[in-house]
Amino acid sequence: MNKIVKFSIDGVECLATRGQFVVDAAKENGIYIPTLCNYPGVKPKGGCRICTVKINGKLMTACTSPVSEGMQIENNANEINEIRKAIVELLFVEGNHFCPACEKSGNCELQALAYRFHVMAPRFPFSFPIRKVDASHPKIIKEQNRCVLCKRCIRAIKDYKGRSIFAYSKRGNRVEVGVDSKLGKELTDELAQKAMDICPVGSILVKEKGFYQPIGTRKYDKNPIGSDIENLVVSKP
Amino acid sequence: MGQKITIEPVTRVEGHGKVTIHLDNDGNVEQTRLHIVEFRGFERFVQGRPYWEAPVLVQRLCGICPVSHHLAAAKALDVIVGAGNGNGLTPTGEKMRRLMHYGQFFQSHTLHFFHLASPDLLFGIDADPAIRNIIGVAMEHKELAVQGVMMRKYGQEVIRATAGKKIHGTGAVPGGINKHLTEAEKEYLLNGHDPMNIDKMISWSEGALEFFHDYHKNHKEIIDGFVEFPSSYLSLVRKDGALDIYHGVLRAVDANGKKILHDVDYQDYNKYIDEEVRSWSYMKFPYLKQIGKNDGWYTVGPLARLNTIDFIDTSLAQKEFEKFRAYSNGKPSHRPMHMHWARLIEILHAAEKMKELLNDPDLLKGELVKKGTKKFEGVGLIEAPRGTLFHHYKIDENDQIVMANLIVSTTNNNQPMNNAVNQVATKFLTGQKEITEGMLNAVEVSIRAYDPCLSCATHAIGQMPLEISLYDHKDQLIDKRRS
Ligand code: FES
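Heads up: the protein sequence lines correspond to chains A and B, in order. Using the numbering used here, you'd call the opening residue of the first sequence number 1 and step up by one each time. Using the numbering used here, you'd call the opening residue of the second sequence number 1001 and step up by one each time.
Think of the hints as simulated: they come from the structure by calculation, not from any bench. A portion of the hints provided could be inaccurate.
The calculated DSS-like cross-link candidates involving lysine-lysine, where the alpha carbons are at most 25 angstroms apart (straight line), are [claimed, not checked]: (1) Lys-1166/B with Lys-209/A; (2) Lys-1370/B with Lys-1165/B; (3) Lys-222/A with Lys-1165/B.
Residues of chain B placed beyond 10 angstroms of chain A at every Cβ, according to the derived structure [claimed, not checked]: (4) Asn-1087; (5) Asn-1178; (6) Glu-1187; (7) Asp-1224; (8) Asp-1362; (9) Ile-1435; (10) Thr-1436.
Glycine included, every Cβ here is placed at the ideal spot set by N, Cα and C.
Make the full structure from the sequences, and use the hints.
Right, here's the structure in full:
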């Protein structure tokens, strides 16, 4: 039987099912903990560290830590938000992110996080890596300049046998995510669209479909990322 | 002793340029050049990008008339996605784009006339620069300044309703448009609170023409007599010869109005037009191939359009056009200050067109996008406020752009502007002992009439100030003025 546990976030008392990950438990209590590599329904990986919180005084990733009775979580604190902001900034300078002509602008989670954390001007030097646009697949373009290596596509886009259609290639700071050379033909139109939607940035683009969604109707055009959770009135378990 | 004058930066134009004037020992103008000193290279960095990004990416060339680049690129890509050669879109697709384009004509021309050009007219070419600017206009001719600001705003609102955003929107996609006009947007633009409605915009446009006619009557020497620059003219015209800034065939006429390019399909533009590179400017020099490098240059823009077309298909603007044509006895007008006149007629035409479109039900419903058999190359032409704009793309089988060629309006006007500078410098500076600010402004006025966008022309960033330098015959800098 599920056991309900009591814990607190920034001093606010919360309830959740034992074993739920802290991000999900917070969400059910109407509290937003920012995430990037995490995606609902996909096994968490704890890769990007945007969801960093302090659990009982220690910095941990909220997407991979299960809640337990009496946990004291610090979330919306200056110190923690500064860490998150720095991670977002580092992701920007580490790739080549030019929002103005990006199909994902307005729907992009990285851009939305930058707005949420008030990234106003570059603080770290740009590394301007030389990366390519891989347009060789007939259905999608993999824009390596924008990839943040969150691994969402690798974890979520599987063929009918459950094999990942996307895979890593290369090593070290040259590592790339691309369509697996052997499984590329398994990428159906539906999966291609799902991959584009699941990509938090504009790194996976379905071919010939850019800019169909008008400005003003995009996900983060009017409301900042996380506001849907914060405005959620949740029935507690 | 000979001298060289440099005007840098040229002011109240978009972008950055400089003029150099060489005087010989006797103070005669020996050589003049308008140098465009910015470089950006959009044609290069668009290579490798997915083709559908081009309309959104390339419009970043310019903050004044990005819509022109947005639409010219989209038109080129219409060809690539098999949606005809500029006239194969759905009614909704084409009309929404047209509305966007008229909105931008309205705002850009208004900006030029009220903010950039009117100070010269209102205060005189040799007035104190401290008042010869838009702030001076606002202080002394409040009503005019307010109209300028509000008309510009109206145009921007039309762009926002069609492209999602006032500057650098996304409305046009290859093969069509991404949105309808909503009822609320239609209502706001048609019948908005005074003065933000189309009827007021039409009446203010008529008012601006009245102001011009009045001014013209009392200042013939400025509007007619400043100088004359005989030239050939090139523009798009509708197949039946009407003014059409969105789509048509290419026509050129010589200085007497005789057709020298006979309404040709612009997909073959490079059969008729070539570009020459000269070492001292980042801006190329286009010319009509059949006539050759030396004499094949031509002028584009408002004056060129009104010199090439046969008529205007909106009644108020047509009446004004008739006056305009009659004034030059049915021949092309070569007077640079008549560009302002032509621009005002186009403002009125754009306002009338917007009214027509805003009442059109096709904007509110209907198919947005159309596609057909894919091609790997496409050319898109449009009349930007400053003149004919060419976008040409080739893509590969992976949908990546492999070639882009852009000939922007200001580039088309490169030779005419250089000629203008030469003529005005010769007229105002020859034999003068002292070079005054007023004389140098006369040079700038001649450039300004073309409403050049030098950032666009070299695809460069920043504002467009201009500098004039004066050099002696040994190329020693003697004097420099930065306005
Ligand atoms: S969201 Fe938790 S580490 Fe990325």
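Hint-by-hint comparison with the structure:
Among the hinted pairs, Lys-1166/B with Lys-209/A is consistent with the structure: their alpha-carbon atoms are about 23 angstroms apart, no more than 25 angstroms. Distance check on the hinted pair: Lys-1370/B and Lys-1165/B sit about 23 angstroms apart at the alpha-carbon level, within 25 angstroms; holds. As the CA atoms of Lys-222/A and Lys-1165/B are separated by approximately 13 angstroms, the hinted pair is consistent with the 25 angstroms bound. Once the 10 angstroms rule is applied to beta carbons, Asn-1087/B is consistent with being away from chain A; the minimum gap is 21 angstroms.
Interface exclusion of Asn-1178/B from chain A breaks down, the closest Cβ pair being 5 angstroms apart, not more than 10 angstroms. No beta-carbon of chain A comes within 10 angstroms of the beta-carbon of Glu-1187/B; the shortest separation is about 17 angstroms. Interface exclusion of Asp-1224/B from chain A stands, the closest Cβ pair being 44 angstroms apart, more than 10 angstroms. At roughly 17 angstroms, the least C-beta separation between Asp-1362/B and chain A is larger than 10 angstroms, which holds for a residue marked as non-interface.
Listed as outside the interface, Ile-1435/B is consistent with that label: its C-beta sits roughly 43 angstroms from the nearest C-beta of chain A, beyond the 10 angstroms cut-off. No beta-carbon of chain A is positioned within 10 angstroms of the beta-carbon of Thr-1436/B; the least distance is around 43 angstroms.
The structure fails hint 5 only (numbered hints given earlier).
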